[in-house]
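Asker: The sequence shown begins at 1 in the numbering used here and counts up by one.
Read the hints as simulated data drawn from the structure, not as lab findings.
Since this is a predicted model, take the numbers as computed values, not measurements.
C-beta atoms are modelled at their ideal positions from N, C-alpha and C, and glycine is treated no differently.
Just so you know, not all the hints are guaranteed correct.
Claimed, not checked - Simulated restraints, written as ranges between beta carbons of each label pair:
no., residue 1, residue 2, range
1, Lys195, Glu129, 17 to 27 Å
2, Ser51, Asp132, 37 to 47 Å
3, Arg220, Asp138, 29 to 39 Å
4, Gly28, Ser51, 34 to 44 Å
5, Gly88, Ala155, 36 to 46 Å
Claimed, not checked - Distance condition first, Cα-Cα at most 27 Å in a straight line; then the derived BS3-like pairs of lysine-lysine:
no., residue 1, residue 2
6, Lys75, Lys195
7, Lys87, Lys141
8, Lys195, Lys141
9, Lys87, Lys75
10, Lys195, Lys87
11, Lys6, Lys87
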Amino acid sequence: MSLFDKALAEGRPALVGYLPAGFPTVQGGIDAVHALIDSGVDLVEVGLPYSDPVMDGPVIQRATERALASGVRTKDVLATVEAVTGKGVPVVVMTYWNPVDRYGVDAFARDLAAAGGAGLITPDLIPDEAEDWLAASDEHKLDRIFLVSPSSTDARIAMTVAHCRGFVYATAVMGVTGARDAVSDAAPELVARVKAANSPVPVGVGLGVRDGAQAAQVGRYADGVIVGSALVKAVADDPTLASLRALTVELAAGVRSARAS
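With the hints as extra help, turn the sequences into a complete structure.
Answerer: So, in structure tokens, the structure goes:
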């Protein structure tokens with residue numbers, strides 16, 4: 001089973017939306033995720049705010065810093081997951097590894113599964129150092145999503161994909177996240193290299209998409225289009241969530257047009 005099954009069955013890529021838990025408040029973050037779901041995303045990533053987000057760009061950093069300053073902790077992330085599940089859209093958590101390690105790997109997996117979460121994206125954990133997480137994700141039937149990048153060797157891509165379940169996260173550019181004027185031209189080659197590993201696991205592409213046209217562009221070759229910073233900025237700029245809803249509808253239309261002709 002894939003987290004992208006519904007979209008792939010419709011012959012289109014999936015739209016994956018990221019928002020951090022606890023931003024602008026815990027309830028505000030829950031409301032924002034509900035807006036994402038109501039507006040057409042196929043999969044939700046709930047971010048776990050962390051004090052050293054080395055991969056996140058300035059938009060997400062500011063949001064997670066605000067969440068941490070207001071006292072948001074791991075229990076609030078799990079509460080957010082529990083509050084937004086059950087609406088027919090899978091929910092995964094994206095987190096750096098240290099908070100999971102401190103919480104307890106098996107305990108985190110147990111509590112995430114109990115909250116209704118479908119899996120975990122771990123940007124700073126590689127499969128060859130993930131023995132505890134591999135065991136816990138098997139025990140609690142959670143998907144595990146590792147990252148590959150343009151700098152990954154073919155051997156590392158093959159090994160990483162072999163350990164993924166749900167999808168593999170292809171970072172389209174080197175560096176931190178953030179919406180960009182143009183999406184990376186390295187992404188199609190990276191997706192082709194992942195596909196060459198002959199894995200049935202779908203490939204989601206992240207980093208840089210900010211509008212429907214870019215979502216359509218990425219969706220022509222990727223199984224999933226991952227959007228984060230642009231959605232977080234929409235929440236920051238417009239607390240009514242009207243801008244978030246409008247952008248999500250535009251992005252959803254983009255992925256649905258990606259292979260229309």
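Asker: Give a verdict on every hint.
Answerer: Against the structure, the hints:
| no. | hint | in the structure |
| --- | --- | --- |
| 1 | Lys195 x Glu129: 17 to 27 Å | 25 Å, holds |
| 2 | Ser51 x Asp132: 37 to 47 Å | 22 Å, violated |
| 3 | Arg220 x Asp138: 29 to 39 Å | 34 Å, holds |
| 4 | Gly28 x Ser51: 34 to 44 Å | 21 Å, violated |
| 5 | Gly88 x Ala155: 36 to 46 Å | 38 Å, holds |
| 6 | Lys75 x Lys195 | 37 Å, violated |
| 7 | Lys87 x Lys141 | 20 Å, holds |
| 8 | Lys195 x Lys141 | 25 Å, holds |
| 9 | Lys87 x Lys75 | 21 Å, holds |
| 10 | Lys195 x Lys87 | 31 Å, violated |
| 11 | Lys6 x Lys87 | 14 Å, holds |
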